[in-house]
Structures are given as C-alpha cells and as structure tokens.
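Enquirer: Chain residues, written in single-letter form:
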Amino acid sequence: NAGVTQTPKFQVLKTGQSMTLQCAQDMNHNSMYWYRQDPGMGLRLIYYSASEGTTDKGEVPNGYNVSRLNKREFSLRLESAAPSQTSVYFCASSEGGGRSTDTQYFGPGTRLTVL
Amino acid sequence: GIQVEQSPPDLILQEGANSTLRCNFSDSVNNLQWFHQNPWGQLINLFYIPSGTKQNGRLSATTVATERYSLLYISSSQTTDSGVYFCAEVIMDSNYQLIWGAGTKLIIKP
Chain A
-7 NAGVTQTPKF QVLKTGQSMT LQCAQDMNHN SMYWYRQDPG MGLRLIYYSA SEGTTDKGEV
53 PNGYNVSRLN KREFSLRLES AAPSQTSVYF CASSEGGGRS TDTQYFGPGT RLTVL
Chain B
9 GIQVEQSPPD LILQEGANST LRCNFSDSVN NLQWFHQNPW GQLINLFYIP SGTKQNGRLS
69 ATTVATERYS LLYISSSQTT DSGVYFCAEV IMDSNYQLIW GAGTKLIIKP
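Here the protein sequences line up with chains A and B, keeping their order. Anchor point for the first sequence: position 52 equals 44 in my numbering, and the numbering is continuous, going up by one each time. Anchor point for the second sequence: position 33 equals 41 in my numbering, and the numbering is continuous, going up by one each time.
Looking at chain B on its own, in the form it has when it is part of the complex:
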C-alpha cells in the first residue's frame, strides 16, 4: 500500500524563522493534501496540491509528482503556526480513503 513519510518529525524554531517540511510518497500522487493541527487539536486543510506550487499568505507548497515528494514552506514563522503538520494522500482505487503521514510537530518560540 501507499506509504507516506514526513520529515523532520520535530522542529523547534524562533519566531520569524523560515521552515521547510517534507512529505515523501511511495506511489503516484493523486490527491495530495496538507493539514495543520493546532495545539488544541483542530484540523484544518491547508492545501490540495497534486502537482505544482500554491501559495496562501506566508505558507506555500510544492509537489514534484515525478519524484514523489511535496514540500511545505512556512515563512516568517509566528507562534500561531505551532502545531502538527500532516500530509495525506488518497488511495488510487478508493476516492475516499486518505493515507496520512505521522506528521511534523512544529514549535515556534517567541
């Protein structure tokens, strides 16, 4: 089955720093999504990005489908960026089942 690996598992940065989170896939990218889980547990969809680059404010994501990886960039980090960032991919033979990575836990210190 599809394997989704994220790195690094943990990241601690000072406010204002930039960060890059990586997501590797074992299979072809069909529906790649990035999520943020805040420290209170709420999950928010950040990007749907099967290929190319998208930007939303200080966050941007790039997926290189041919090389089976995706990157999430966070610029000028703020303490509110803290939490866990997950990437997830849908199984090709099921349009409903997302396979999730274990996440990158990001802590932004003031």
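So that you can see chain A by itself, here it is in the shape it has in the complex:
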C-alpha cells in the first residue's frame, strides 16, 4: 500500500497563476483533508471531506477550492495564487465516521512557492 500520495512534491508559481494539487489514498478511507503548514506553526485545516460527495470548509478556506473526485481522490485548487499562499500543503485521510478515535494518515507534502 502506498498510503497517501501527493503530486507534485514541489511547485513554483507566479502571482495570479492557477494550479491543482492532487491527493490520492489507497486505504479505503472515507474522510480526507487538506492542510497548510507555515514556518514555525502547526497545521491549519483548509478543507475536508467527511465522505465521498461532501466537502466542508476548515479554518482557512479563502483562496482555495476542493473536489472530492471519488473515494480515493481529493484535489485542492488555487484559482489565482498569491504570495500569502506560499506554504507546505499536506493531504491526509482517515477512516472517518465521526469517531473520536479517528487517526489521520498524512501524505509527504507539496512545497509551494508563489512569487
């Protein structure tokens, strides 16, 4: 099992450009998440998908859109990149179901720089 995979690993954009970050999991998990991590900080939730067909905003959703393409895949789109979106982006998945014991498994991250 590959677990959670993310593409690309690195990306440099110019202000105003758009791009989509891809995430896939092979653990048959119901829930998927997108986080951003800024230097010296913990992770902040951008969007999550509790189950296939549903998406909800997290703590910092502005400037992003998501698509839960199917149970395996959850993509994050930046429509018009801004320097403030320079960050490391992590995708995660979990079994879900609203259980308090739910454990999240993380991808390797995408390091995005917006010039």
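If you are wondering where the hints come from, they were derived from the structure by calculation, not from laboratory data. Cβ atoms here follow ideal geometry from the backbone N, Cα and C, with glycine treated the same way. Mixed in with the good hints, there may be bad ones.
[Said to hold, decoys possible] Derived lysine to any residue pairs resembling SDA-like cross-links, with alpha carbons at most 20 Å apart:
#, chain 1, residue 1, chain 2, residue 2
1, A, LYS49, B, ILE10
2, B, LYS113, A, PRO100
3, B, LYS113, A, PRO31
4, B, LYS62, A, LYS49
5, A, LYS49, A, GLU65
[Said to hold, decoys possible] If you want the footprint, here are the derived chain A segments under chain B, 3+ residues with CB under 8 Å:
#, segment
6, 36 to 46
7, 94 to 101
Place chain B on chain A using the hints.
Expert: Frame of chain A, contents of chain B only:
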C-alpha cells in the same frame, strides 16, 4: 475557540538523554493526538490519548484531562528522534477539525 500551547518551543539534547514535552489545552480534552514530523517533513501519528498513559517503545504519553495537559516522554533519545513534535485536539462540535499546537522542535546531537 480551543487553544493548544506547546512547550518548550525548542529542545537540544545529547543522544541518550531523556526529554519531556508538554501540551496545554484551553478546553476539555476530546481527542488528543501526538504527532512526529521528521526532518524530511513526513508526519506520523504517535499516540491517540484523551486520558491516561500509553507507551510505545521508548516513547510514552500521559494526559491529565482534568488539568488540561498532556506530556510526551522520550527516553534514551536517538538522533532519529529529531524533528518537530505536535499535539493536536479535535473541536468538540466538529469531529473532523484538529487544532494543532505550534510544535516542539527537538534536535538530538550524536
């Protein structure tokens, strides 16, 4: 909202030393988790521990829910323990949103 504070922010130790990392919460503990982020950025879940004590090899964690804190103990540190340790707590009215502390950066010197 829930506030999660970790201390110390940085810790430098020699290989073989023991360490204690602390996590304080502003609200009731529902789903407390500890994570390790290695120097290459990979995040690994270490413990789910809303209360009590758990051990996994050289690592153990204790959460005192009534006093709203959790401790992560690392014994006989190895250089591979280096990285950033995060604690995170779930919001009571949302089973999906984890609130993360800023982390403790641990450097183990050979």
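Enquirer: Against this structure, judge whether each hint is valid.
Expert: Status of the hints after comparison with the structure:
no.	hint	in the structure
1	LYS49/A / ILE10/B	holds, 17 Å
2	LYS113/B / PRO100/A	holds, 19 Å
3	LYS113/B / PRO31/A	holds, 12 Å
4	LYS62/B / LYS49/A	violated, 33 Å
5	LYS49/A / GLU65/A	holds, 17 Å
6	36 to 46	holds (count 4)
7	94 to 101	holds (count 7)
Violation of the numbered hints given earlier is confined to hint 4; every other hint is satisfied by the structure.
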